[in-house]
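Colleague: Modelling step: build the complete structure from the supplied sequences, incorporating the hints.
Okay, so the sequence shown: first residue is 255 according to our numbering, each after it adds one.
Hints were generated in silico from the structure; no laboratory data involved.
Zero decoy hints are in this set.
For lysine-lysine, the following BS3-like pairs were computed, each having C-alpha atoms within a straight-line distance of at most 30 Å:
(1) Lys324 - Lys262
(2) Lys434 - Lys262
(3) Lys321 - Lys433
(4) Lys383 - Lys433
(5) Lys262 - Lys383
(6) Lys282 - Lys351
(7) Lys324 - Lys434
(8) Lys262 - Lys321
(9) Lys434 - Lys383
(10) Lys324 - Lys433
DEER-style ranges, computed between Cβ atoms:
(11) Lys383 - Thr470: 47 to 55 Å
(12) Lys383 - Phe310: 38 to 46 Å
(13) Asp523 - Ala327: 44 to 52 Å
Just so it is clear, CB atoms sit at the ideal spot from N, CA and C, and this is done for glycine as well.
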Amino acid sequence: MNLHNSSKAIIFAMLCVISWSLIAVISKVGTADISALQLLFLSNVLSALVLGLLVFFLRRSIQDCAKQIKSNAIQTAYLGFLGCFLYYLCLYYGYSKSNAVTVLVVQYLWPILAVLLSPFILREKRSRKTVLIAMLGFIGVVVVATKGEVDPANFENLPVLAAVFIGSLSFALFSVLSKKLICHALVAAFLFFAWAALFSLIAVLFDGGIRFPSSTQAWLSLFVNGVVVNGLSYFWWLRALQLGQVSRIAPLVFLTPILACIWLVLLLDEPFFISYGIGLILCVTAGFMAATNSEKNQESSAAMTSTKPSAPEASA
255 MNLHNSSKAI IFAMLCVISW SLIAVISKVG TADISALQLL FLSNVLSALV LGLLVFFLRR
315 SIQDCAKQIK SNAIQTAYLG FLGCFLYYLC LYYGYSKSNA VTVLVVQYLW PILAVLLSPF
375 ILREKRSRKT VLIAMLGFIG VVVVATKGEV DPANFENLPV LAAVFIGSLS FALFSVLSKK
435 LICHALVAAF LFFAWAALFS LIAVLFDGGI RFPSSTQAWL SLFVNGVVVN GLSYFWWLRA
495 LQLGQVSRIA PLVFLTPILA CIWLVLLLDE PFFISYGIGL ILCVTAGFMA ATNSEKNQES
555 SAAMTSTKPS APEASA
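Modeller: Shown next, in the form of structure tokens:
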């Protein structure tokens with residue numbers, strides 16, 4: 255892995271941060287006249303269609319794509335279940351049953367979980383500085399989510415928060431295990447959402463059947479969610495994971511809730527608190543430390559392995 259790949263990994267990760275920061279706004283608008291589960295199903299179908307078209311038009315060899323789809327069908331099934339279905343199912347359930355502030359805090363445990371899991375699953379080195387970066391970013395999230403005032407009453411609904419934690423753990427596992435997948439990122443993202451569409455279809459049929467939005471705003475939010483937020487962003491995230499270490503990329507995600515607050519203020523006239531600025535400083539610092547720490551480690555790694563043959567990349 256070289257410095258060029260490290261820089262590209264950070265760029266892909268930041269594209270994910272920007273797109274994922276729109277989830278809060280889209281969820282509010284998109285679930286105005288349909289349930290969260292129905293929104294998830296329609297978004298998964300749209301994401302699978304968009305990514306499928308990209309696979310068809312951008313890949314040179316259809317036979318190569320078909321071969322990759324066939325060889326990765328089983329492995330992407332459980333990854334799609336973890337990262338594109340279970341995560342959002344638990345997340346939407348939490349937002350509908352508990353205080354949104356505490357759900358946000360528990361939701362963003364997943365980057366820390368990914369950092370902590372990667373040494374055991376991927377044998378990546380974990381330094382004290384890496385853990386410090388993750389904790390600093392999480393503190394920033396807590397400051398933003400609680401507006402600087404932690405209320406113990408917000409943590410009373412433990413069963414619901416346990417469900418959200420399961421969702422966070424599932425996405426952490428998805429992020430770590432996806433790095434072991436030997437498949438083109440675009441093909442993998444298509445397979446993830448194809449499986450997630452099937453899982454969410456089964457769930458929505460048990461929830462009263464398929465319903466469609468009735469407002470133009472809801473359709474627009476569904477389109478943005480399906481194409482970018484839950485579609486292209488997964489391709490970007492997979493490329494970031496393939497090009498960089500999980501323990502270096504995951505902390506950048508702590509910028510997401512800060513941007514989400516900005517969009518809420520600008521687009522939905524939500525009030526802005528001083529704690530948002532404090533949290534922004536903490537999260538930006540954590541993201542900057544993650545990026546610079548990654549570059550330093552890549553320089554050190556390049557110097558140590560300059561005389562050794564490089565390993566082949568997982569995907570093209």
